[in-house]
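K.L.:
Okay, here's what each chain looks like letter by letter:
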Amino acid sequence: MSAPRMTINGVPVEFSPGQTILEAAQSAGVSIPTLCHYPDTRPTGACRVCVVELEGARSLVPACATYSAPGQVVHTDTERVDAARRMVLELMLASGNHNCLICEAGGDCELQALAYRYQIDPPAFGKPPGTTYYYEDNNSMIIRDFSRCIQCARCVKACTDRQVNLAIAVGYRGAETTIVAAGDQPYIDSECVFCGECVQACPTGALLDKHARFLGRVWERQKVRSTCPYCGVGCQIDLQVKEGRIIQVTGADAVPNRGRLCVKGRFGWHFVHHPERLKTPLIKENGSLRKADWEEALNLVATRFAELKDREGPDKIGGWCSARITNEENYLMQKFMRAVLGTNHVDHCARL
Amino acid sequence: MKPLGPCESVPTAQMRQEVCDSLQALISRHRGRIGALLPTLQDAQRILGHIPLEMQQVIAAELKLSGSQVFGAMSFYSMLAWQPRGQYIIRVCGSPCCHLNGAAALLELLQEELGVPLGGTTADRLFTLETSACLGACEVSPAMQVNEVVYGRLTPGRVREVLSDYRAGQGPDYRDLPYSTCDFREFRRAPGESLLLENVGLIDPLNLEDYLKRGGYTALEKALTSMTPEAVIEEVKLSGLRGRGGAGFPTGLKWSFTRPLPASPKYVVCNADEGEPGTVKDRYLMEGDPHKVLEGLIIAAYAVGAAHGFIYCRGEYYLSRHRLQHAIDQARERGFLGKRLLGTDFSCTVELRSGAGSYVCGEETALIESLEGKRGFPRLKPPFPGVVGVQGQPTVVNNVETLANLPAIINRGGAWYREIGTPDTPGAKIFQVMGQVRTPQVLEAPTGMTLGDLIQVYGGGVRPGRTLKMIQTGGASGSLVTRAALKTPLDFGSLEAAGGALGSGTMLVMDDSTCVVDFLRCVAAFFAHESCGQCTPCREGAAWILEVFTRLSRGEGREGDLDFLLRLADTLKDASLCPLGQSAPVPLLSAIKHFRPEIEAHLKDKTCPAGVCRFD
Numbered sequence: 001m002s003a004p005r006m007t008i009n010g011v012p013v014e015f016s017p018g019q020t021i022l023e024a025a026q027s028a029g030v031s032i033p034t035l036c037h038y039p040d041t042r043p044t045g046a047c048r049v050c051v052v053e054l055e056g057a058r059s060l061v062p063a064c065a066t067y068s069a070p071g072q073v074v075h076t077d078t079e080r081v082d083a084a085r086r087m088v089l090e091l092m093l094a095s096g097n098h099n100c101l102i103c104e105a106g107g108d109c110e111l112q113a114l115a116y117r118y119q120i121d122p123p124a125f126g127k128p129p130g131t132t133y134y135y136e137d138n139n140s141m142i143i144r145d146f147s148r149c150i151q152c153a154r155c156v157k158a159c160t161d162r163q164v165n166l167a168i169a170v171g172y173r174g175a176e177t178t179i180v181a182a183g184d185q186p187y188i189d190s191e192c193v194f195c196g197e198c199v200q201a202c203p204t205g206a207l208l209d210k211h212a213r214f215l216g217r218v219w220e221r222q223k224v225r226s227t228c229p230y231c232g233v234g235c236q237i238d239l240q241v242k243e244g245r246i247i248q249v250t251g252a253d254a255v256p257n258r259g260r261l262c263v264k265g266r267f268g269w270h271f272v273h274h275p276e277r278l279k280t281p282l283i284k285e286n287g288s289l290r291k292a293d294w295e296e297a298l299n300l301v302a303t304r305f306a307e308l309k310d311r312e313g314p315d316k317i318g319g320w321c322s323a324r325i326t327n328e329e330n331y332l333m334q335k336f337m338r339a340v341l342g343t344n345h346v347d348h349c350a351r352l
Numbered sequence: 001m002k003p004l005g006p007c008e009s010v011p012t013a014q015m016r017q018e019v020c021d022s023l024q025a026l027i028s029r030h031r032g033r034i035g036a037l038l039p040t041l042q043d044a045q046r047i048l049g050h051i052p053l054e055m056q057q058v059i060a061a062e063l064k065l066s067g068s069q070v071f072g073a074m075s076f077y078s079m080l081a082w083q084p085r086g087q088y089i090i091r092v093c094g095s096p097c098c099h100l101n102g103a104a105a106l107l108e109l110l111q112e113e114l115g116v117p118l119g120g121t122t123a124d125r126l127f128t129l130e131t132s133a134c135l136g137a138c139e140v141s142p143a144m145q146v147n148e149v150v151y152g153r154l155t156p157g158r159v160r161e162v163l164s165d166y167r168a169g170q171g172p173d174y175r176d177l178p179y180s181t182c183d184f185r186e187f188r189r190a191p192g193e194s195l196l197l198e199n200v201g202l203i204d205p206l207n208l209e210d211y212l213k214r215g216g217y218t219a220l221e222k223a224l225t226s227m228t229p230e231a232v233i234e235e236v237k238l239s240g241l242r243g244r245g246g247a248g249f250p251t252g253l254k255w256s257f258t259r260p261l262p263a264s265p266k267y268v269v270c271n272a273d274e275g276e277p278g279t280v281k282d283r284y285l286m287e288g289d290p291h292k293v294l295e296g297l298i299i300a301a302y303a304v305g306a307a308h309g310f311i312y313c314r315g316e317y318y319l320s321r322h323r324l325q326h327a328i329d330q331a332r333e334r335g336f337l338g339k340r341l342l343g344t345d346f347s348c349t350v351e352l353r354s355g356a357g358s359y360v361c362g363e364e365t366a367l368i369e370s371l372e373g374k375r376g377f378p379r380l381k382p383p384f385p386g387v388v389g390v391q392g393q394p395t396v397v398n399n400v401e402t403l404a405n406l407p408a409i410i411n412r413g414g415a416w417y418r419e420i421g422t423p424d425t426p427g428a429k430i431f432q433v434m435g436q437v438r439t440p441q442v443l444e445a446p447t448g449m450t451l452g453d454l455i456q457v458y459g460g461g462v463r464p465g466r467t468l469k470m471i472q473t474g475g476a477s478g479s480l481v482t483r484a485a486l487k488t489p490l491d492f493g494s495l496e497a498a499g500g501a502l503g504s505g506t507m508l509v510m511d512d513s514t515c516v517v518d519f520l521r522c523v524a525a526f527f528a529h530e531s532c533g534q535c536t537p538c539r540e541g542a543a544w545i546l547e548v549f550t551r552l553s554r555g556e557g558r559e560g561d562l563d564f565l566l567r568l569a570d571t572l573k574d575a576s577l578c579p580l581g582q583s584a585p586v587p588l589l590s591a592i593k594h595f596r597p598e599i600e601a602h603l604k605d606k607t608c609p610a611g612v613c614r615f616d
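For the record, the sequence lines run as chains A and B. 1 is the number of the first residue of the first sequence in the working numbering; add one for each residue after it. 1 is the number of the first residue of the second sequence in the working numbering; add one for each residue after it.
A hint or two may mislead.
As the list claims (entries may be wrong) - Non-contacting residues of chain B with respect to chain A, defined by C-beta distances greater than 10 Å in every case (computed): (1) ARG29; (2) GLU161; (3) GLY343; (4) PRO489; (5) ASP616.
As the list claims (entries may be wrong) - Lysine-lysine pairs mimicking BS3-like chemistry, simulated, CA-CA at most 27 Å apart: (6) A:LYS127 / B:LYS573; (7) A:LYS335 / A:LYS309; (8) A:LYS264 / A:LYS279; (9) A:LYS127 / B:LYS606; (10) B:LYS487 / B:LYS593; (11) B:LYS487 / A:LYS127; (12) A:LYS210 / A:LYS264; (13) A:LYS316 / A:LYS335; (14) B:LYS573 / B:LYS381.
By construction, these hints were calculated from the structure, which means they are not laboratory data. Glycine included, each C-beta is placed from N, C-alpha and C at the ideal position.
Bound-form chain B, shown alone (with noise of 0.2 Å):
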């Protein structure tokens, strides 16, 4: 939820002196280097609160950019801000996941306890309450973030709690929080060798001497001193590591197309813009062991050869941003990265950036353009990021979990890897249990454990007296199966045959209180909110499709609904521009399949079978 409209202007006094000194003493900071933009207008957002039009004025100046492009790129990004905010903003997180568990409550009570309605500030500028569309808090939902701080398994009394708490002033600092939601260890472990989290919560991220003693950086070191880049990609080639962010293409063969291209420079970038809905496995990655995912990708920069990597993590991350700039720091002091890495002739930097609220910068071109400083547009593929990707450069982008696996892999050899899990997928994963079950947790495992041991023996199963009624499998844009799915092994292919998707390995769990309809809703207005408006099928069709399960869910839904939501479905998989579009319709088709007796009871009937949607 951001205000729109014009920029209002601020008075004169607002815009004193200190503050254009801070901005003009931020702005020398960030000239010149790529995208320049984002990370500017990020800081000077820090100096009032939000970025009025005369600072818009002074960046664009600065960086010999147009308003209008400053304007564009900026209000596209919901964490950025141009009218005034209250001091500490609450995030009220709304995805699929924390509406399950009850986030339109909460919603409605901190509006009451704060008294305003959303998008609004109150009276004493304290708190200004918006929405987020997914705070990647799901194994603590329901959740919100008040600033950097996140709060789950919120409760009202809770709610009330934190408000009082920053009422006196005692909100804490992120930095000195151990996590950010919870402790990895307090979950139920897979048997077995973890090669993923296995330092998670028993490291101090902030040491690198820690990460050292288990085996850190010796990976890099056998890489750059014993085994040429082609050696290291035909390792990964070998081990068969599909990539974990979602669509599982070869990372090994990813490489193989950059590392030939004559072009210089080519750029590595880490994506750590961990948007999906029900997934944080990353942000346990980043916060609990920082440095294994800088090994990671610096080992990938070796072997693609790339002398410059980027870390694009999202802006809800405060925490992982802060230990992965620290590991980044540590790395340059102790000569793992900047110039003749170990004595060698390779040189490496890495820079950390920040997202600011935009699920589609996920994407890989659309990461890039944010990169850029630009907009998060998808761009039109071919040509591909490996050909043509930062500042038309090759540029290959990889999941922080993926790049997670290589120290093993470099370690052990690809041959001992593709004997982990299944052929399909070899290798470790990171699977997410979420939503109605009683244990909602991440673990990690080789694939191939069934979808059912996942439910029951990791997330305890449903909560009692409750029935499993469905599952959306790896993501918001993931297909329903239902009981049926359940002996389903966990890896790409098999998820895949079963109708479904492994997607970023998160399952999200619905027993029999869930109303299809009420749960489609809430998809429907995830992905309006981050279909980023440049192709008309997704921008038009993606509200259209919000509309109509909001009259559903509403009772008021109309003859001829389902077929114009089967002919939208079919426009958006066949003609958007981008993953996001093509597969928005995925959830709804499969609802369609399993459940269409539901939904037919909500337009015909005018009932709501499982009692959530309330027709008054």
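Next comes chain A alone, as it looks inside the complex (with noise of 0.2 Å):
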């Protein structure tokens, strides 16, 4: 059986039954801008960035969250669909304070990059200055610049649909909808494990990483693919590096964490650049510690390892696995504890 076939922008385009226009059009090869569009999480089609005619139906219809069906005929960008867009988008701007100069997302910021792509100057219209916004500085984590939000949601889908900590809502409505936790009181007073996850949805600068604040831009920095050190679930991290050192930590979207990330691995990394960092092995001689390399360090605990078990027998010898290793290495432990030292006394943290 062939794969059904729609129309987009005149050309005869096949695609997946459940996939959306949006997802047919990429396939294609066609761009579709989004914004409240998040993977993972449920589509709203609540932005209307995504807008596009199709043929038969009243009004525009939000290509990220309408499904693809056989003999639609699709047009993505037609001057009714430019002006909608075009109008979303100073909606969008005059929404709030979108000053780019010194915005922590300038460069990164996909309303700034849509703005660019359909060249709209600042709109005409827009808050009286002297506007004020919410704006909260009172966790070490995250900064909440409410001047900087477009309302498309993304960071409550994060939470909701892909970290499932549910610790924030879209709250009031109207004009005055706003992004809330509970009883609309700050994140540290709420229910949020900050997982830092709605910063990274976040497309502006309304969420922003605390410490990376003002450290460097998106084109100064190098991306480096890690594994977070911190249990042996193994997340792919990304570092973000200037000049050698790390200015922030993302989620990488790869197995197994596809972008997510908690607490300790998004924001717990500060230990790399501490000065008290240990780097090398110490060996407590007469009651004060001194750097050894490695192959002393080693040699020492062999020997001592080899004398305890002459003298006291192997089952006077314990050991304890962390998840903070992988599942290979858990498994040299025990069989390092059984073959080498001749007991059975290995056990792990994750038992308890």
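The task is to assemble the complex, starting from two chains supplied on their own in separate frames and drawing on the hints.
P.N.:
Right, here's the structure in full:
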């Protein structure tokens, strides 16, 4: 059976059943702008940047939330579509204080990119000068600056559908619509666990990683793929590096985490450049520690293990495995305890 | 008008033991029900008059929701509060109809009398002053509601009188009132037989016997004992009945999509969220003849194969809900609801739910979200509710008046019904003539009566010394038409062809004392207040339309404002997510067509030809 077909911009296109118009267009190499669309979450079709003309429909339809159907005739780039997208972008720009000069998201902002793509001038309409917006900077990790929030609710989708924390929701209504935590309280007083998924989801500079602020623009950074050192899940992370120093950690879109991270993986990386970080083994002699190299340190440990085993017997030694190392390393650890030291006294922190 | 901002917590003294006990008791009543959150919040609010953070936390924990879900939902609804309020909540109606009849002056008077600004609570904690987007009391505008009781045809003297009654502790119990606004029998009736409102004002709505004596529940009996569900659907299809909520979709056809689906359970919902400004018809049915609505709903449930029905009634209609609940209880006792109705295999229960102050919840998918205890965010369509509705199950949503037509159709046949009214919109229809006419009123007549007759014969024409200027057709999102449309027969097709809309059957009449800019500002305020905030065009656009009309009405219009409005209107119509946003600019587009010079006078000459707008 051949794949169903539709027409996008006059070109016949095959699609797989269950694909949205956006996905079908992407497969066919047609670019449709999006803002509220966020992978691995339920589409809401709310921002209306992805609207397209679907023949037979009375109004424009959101490509991200409309399923492809055989025989559909879709136009993604007509004057009508262009006019709606431009007005939607203008409305977003007018809704807050979208001053790009010192915005952390500059160069990495999806709103800015779309304003550039559609050549949107600063709108002739806007809120009066001096309008104030909610600003939250009372925790050590996340800044919430609602002057740059466009209510796309990607943060809510990330929190609800990706992390299933349900710490934030869309609150109030109409032009007063705002993202709220429980009781419209600050994050720090809410059920938020500071995984920072919302920060990663934010297409503008409304949610910021506090540590990374003013440390480097997107074009000054190198992305270095690594594995989170905290637990055995092995989340893939992107170290954002500037001049040899990490300035931020973001979740990489790869298995097993598909971009997700927890509070430790995302915000707990400061040990890397910490002045008190241990970089060599230390040996304690006469009550004080001195630096040693690995050969000396391992020799010392091996000698002492052998002595202990001879003197006290192998069952006087126990081993404790860690969730922070890989399965393979844990396997080697128990093998070492059983085959080399000769004891079954081996346990793992995850068992408790 | 509701206070914004973070929740205040209450001193622990206020969350004393009996408060905690009543909270736990009401939670256990609602736990496990579909969408338990909204009824829980509504009941919880009665304990302290508002729902402080501590209560929200208990509700969240007990209903296994997060605190953000609780606050996200409650902050959507204008009748739920989380900050302390007075013992009596005064809600002044700011709908277009009340506005035309002097609501702004009343609001000023109330602020003066109470000594508080809008949103404020008097020092003795007796009154809190709020506004409502529309109370659904348009036939007695200007109106206000004090807790559950509606006061209409307000004058400064009457307002002072009401206040002093409450100060003296003499507010009435709404359940003892004969009706919430006025006696239907006061209105001039159209000649011919009445099918919908025939019992209203003549029977005791709390007495099932009265309804039975007038042939009540015979249609249900006929359907259940002598017709298959498919035959019921065929009969309704044959009748040509089109939905009376406003969109006019054929009722039988709607049912026929849901009936054959193998899914179980299915639901039927009576849409009693009558929020369209100028519309009060469903209230007369629910208050005056609640069993008729219920009978229609049970017939609909039988036709589509649903064993459970909901009635979602707007928050402001306390008396309607009181009587509907009474009717449900009576019907259950008499075997018209419950297991194996009238000895057949068909079982059906009906549950009454209350809205909490949101116009968009009258849109069927937003209503379903609200029934599920969430924010009233309209869903993307397709899928339509008939396939994916309440909790993902097939759900048929019908308006109150639509359901009230069913007993007559079943008893006397679809063919008979189809002969009534016009071929485009067969049957009886409840019309409402509102605004600046001598006798605003509600009446039932076959479709096809002309707009002019409705205004002249039943509305009594415009007031002495005034001339007719324009009519807003079908509700707040309807087009404006002028005298040229007076010969138009009132049905869906004819009004659409004349550039208007039948909508809910309400016609808001305005005379030459009305300024089109001032009126549009009021309509814009309504949509800005009722926009759900989900999609960008409506959330931002509705507020900008209001901003521009506010400017124009103050003589502060700017060059380019009209073009901006037209661009905004196009985007709202074409790119909004739901019918609210798509139709919000309709009145303004029709106004620009008919009254462009008057709007331009505000913009360019800074004058208001009608003398309404003040430019000081």
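K.L.:
State for each hint whether it applies.
P.N.:
Going down the list of hints, with the structure as the test:
1. The beta carbon of B:ARG29 is kept farther than 10 Å from every beta carbon of chain A, the shortest such distance being approximately 24 Å.
2. Against the 10 Å criterion, B:GLU161 stays outside the reach of chain A, whose nearest CB is about 35 Å from its own CB.
3. Against chain A, the non-interface label of B:GLY343 holds: every CB pair exceeds 10 Å, the least being about 45 Å.
4. At roughly 25 Å, the least C-beta separation between B:PRO489 and chain A is larger than 10 Å, which holds for a residue marked as non-interface.
5. Distance check on B:ASP616: its Cβ is at least 20 Å (rounded) from any Cβ of chain A, clearing the 10 Å threshold; non-interface status holds.
6. Taking the CA atoms of A:LYS127 and B:LYS573, the gap is near 23 Å; set against the 27 Å cutoff, the hint holds.
7. A hinted pair counts as satisfied when its Cα atoms are at most 27 Å apart, and A:LYS335 with A:LYS309 qualifies at roughly 16 Å.
8. Between A:LYS264 and A:LYS279 the CA atoms are separated by roughly 21 Å; this keeps the pair inside 27 Å, and the hint holds.
9. The hinted pair formed by A:LYS127 and B:LYS606 meets the criterion: a straight-line CA distance of about 23 Å does not exceed 27 Å.
10. Our distance criterion of 27 Å between C-alpha atoms is met by B:LYS487 and B:LYS593, whose separation comes to about 20 Å.
11. A distance of roughly 45 Å separates the Cα atoms of B:LYS487 and A:LYS127; the hinted pair therefore is violated under the 27 Å criterion.
12. Restraint check for A:LYS210 and A:LYS264: the C-alpha separation of about 15 Å stays at or below 27 Å, so the hint holds.
13. Proposed proximity of A:LYS316 and A:LYS335 is supported: the alpha carbons are some 17 Å apart, at most 27 Å.
14. Taking the CA atoms of B:LYS573 and B:LYS381, the gap is near 16 Å; set against the 27 Å cutoff, the hint holds.
Consistency note: the structure conflicts with earlier hint 11 alone.
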